[in-house]
Amino acid sequence: MFGNDISIDLGTSTMLVYIRGKGIILNEPTVIAVNTETNEVVGVGRKALEMLGRTPPYIKAVRPLRDGVISNYTLTQAMIRGLMRKVMNRVSGRPRIMMCVPSGITDVEQRAVIESARDVGARDIYIIEEPVAAALGAGCDISKPRGTMVIDIGGGTTDIAVMSLGGVVCSRSIKIAGDEFTEEIIRYMRREMNLHIGPRTAEDLKCTVGCVIQRDKEIVSEAKGLSAITGIPKSVMVSSNDIYNIFDELVYNIIERAREVLEETPPELHADIIQDGIVLTGGGSLIYGLDKRISEELGVECVPAENIVECVVKGSGIALDKIDTVKDPTQVYHKKAYIHQ
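Taking this note's numbering, the leading residue of the sequence shown gets 520, the next gets one more, and so forth.
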């Protein structure tokens, strides 16, 4: 990979940018704040995240990506442009960019991602599927005739795939991931605690007391919000023992899609998966006990990857590095690619 080549994991909740030799040089929330009266961008990334849910009516702080794809093209372009300004002073010339996308992305959604990358001045643009990038970033050698299974749980999508000989054998992409777990906490607090809380508070609860199996030691955290009964501010204590079972339906859906992928996998690859285990990646998989639930339900060991959040962006960098060594760069560890000269 040349010094000005970069890989981007444009996630629903976070954007990561990786330069080989320099590591991850950008890790910012995918949030943008806009003044609706002047159409002026007020902030992007962390600055905009601090405004989320705390702005006057004329300032709108939003996440322009939903379920792993672009929901507002104009705001996404403005957000990427703002975040990339922080990156471009670290590279020279027009960079080649490798973009990560969910395995079930449509052509229209893929085109929107490509146009966003082109807008920041990319020389060439390549597309790689997230589970493939996740496998590479987790240190798996998917170029061999050996089955490798990855479950990548991000913010907006969960991608499940079995790979062999550098390609995807079978896969599933579902719009259930970390954001849905956060939304489930918001619904639970409103239903059981009569408390309205925002997404940032729910995210904090997910990280501190969230779990999908009962913890050996109970953890309690304070949540502050608006009482649904009195309409005034209120705080309550939330226990991990209270909420560990509220995610059952979400976990069930992820496991069932993984079971479908295993059923479609050729029998010759099952032995490899049983021996190596299922690789778990993505920030959404950090919720306590998820790896154990998957292992128990599928009967296959589920192994969380090292640097679990960074696997996708690092893996896309590895794939981009290999483009110069093959005759057809559109066949490097991904079935969908686009090159803009």
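Wrong hints could be hidden among the right ones.
[Stated by the list, open to error] 30 Å max Cα-Cα, derived DSS-like pairs, lysine-lysine: (1) Lys841 / Lys605; (2) Lys541 / Lys663; (3) Lys736 / Lys566; (4) Lys811 / Lys663; (5) Lys841 / Lys541; (6) Lys566 / Lys579; (7) Lys579 / Lys736; (8) Lys736 / Lys841; (9) Lys566 / Lys743; (10) Lys566 / Lys694; (11) Lys811 / Lys579; (12) Lys605 / Lys541; (13) Lys753 / Lys743; (14) Lys743 / Lys579; (15) Lys663 / Lys736; (16) Lys605 / Lys663; (17) Lys841 / Lys811; (18) Lys663 / Lys753; (19) Lys841 / Lys663; (20) Lys579 / Lys541; (21) Lys736 / Lys753.
Hints listed in this document are in silico derivations from the structure and should not be mistaken for laboratory results. Since this is a predicted model, take the numbers as computed values, not measurements.
Okay, the hints, checked on the actual structure:
{"no.": "1", "hint": "Lys841 / Lys605", "verdict": "26 Å, holds"}
{"no.": "2", "hint": "Lys541 / Lys663", "verdict": "29 Å, holds"}
{"no.": "3", "hint": "Lys736 / Lys566", "verdict": "36 Å, violated"}
{"no.": "4", "hint": "Lys811 / Lys663", "verdict": "28 Å, holds"}
{"no.": "5", "hint": "Lys841 / Lys541", "verdict": "18 Å, holds"}
{"no.": "6", "hint": "Lys566 / Lys579", "verdict": "13 Å, holds"}
{"no.": "7", "hint": "Lys579 / Lys736", "verdict": "41 Å, violated"}
{"no.": "8", "hint": "Lys736 / Lys841", "verdict": "46 Å, violated"}
{"no.": "9", "hint": "Lys566 / Lys743", "verdict": "22 Å, holds"}
{"no.": "10", "hint": "Lys566 / Lys694", "verdict": "27 Å, holds"}
{"no.": "11", "hint": "Lys811 / Lys579", "verdict": "40 Å, violated"}
{"no.": "12", "hint": "Lys605 / Lys541", "verdict": "14 Å, holds"}
{"no.": "13", "hint": "Lys753 / Lys743", "verdict": "6 Å, holds"}
{"no.": "14", "hint": "Lys743 / Lys579", "verdict": "23 Å, holds"}
{"no.": "15", "hint": "Lys663 / Lys736", "verdict": "43 Å, violated"}
{"no.": "16", "hint": "Lys605 / Lys663", "verdict": "38 Å, violated"}
{"no.": "17", "hint": "Lys841 / Lys811", "verdict": "35 Å, violated"}
{"no.": "18", "hint": "Lys663 / Lys753", "verdict": "57 Å, violated"}
{"no.": "19", "hint": "Lys841 / Lys663", "verdict": "15 Å, holds"}
{"no.": "20", "hint": "Lys579 / Lys541", "verdict": "34 Å, violated"}
{"no.": "21", "hint": "Lys736 / Lys753", "verdict": "26 Å, holds"}
Checked against the numbered hints above, the structure breaks hints 3, 7, 8, 11, 15, 16, 17, 18, 20 and satisfies the rest.
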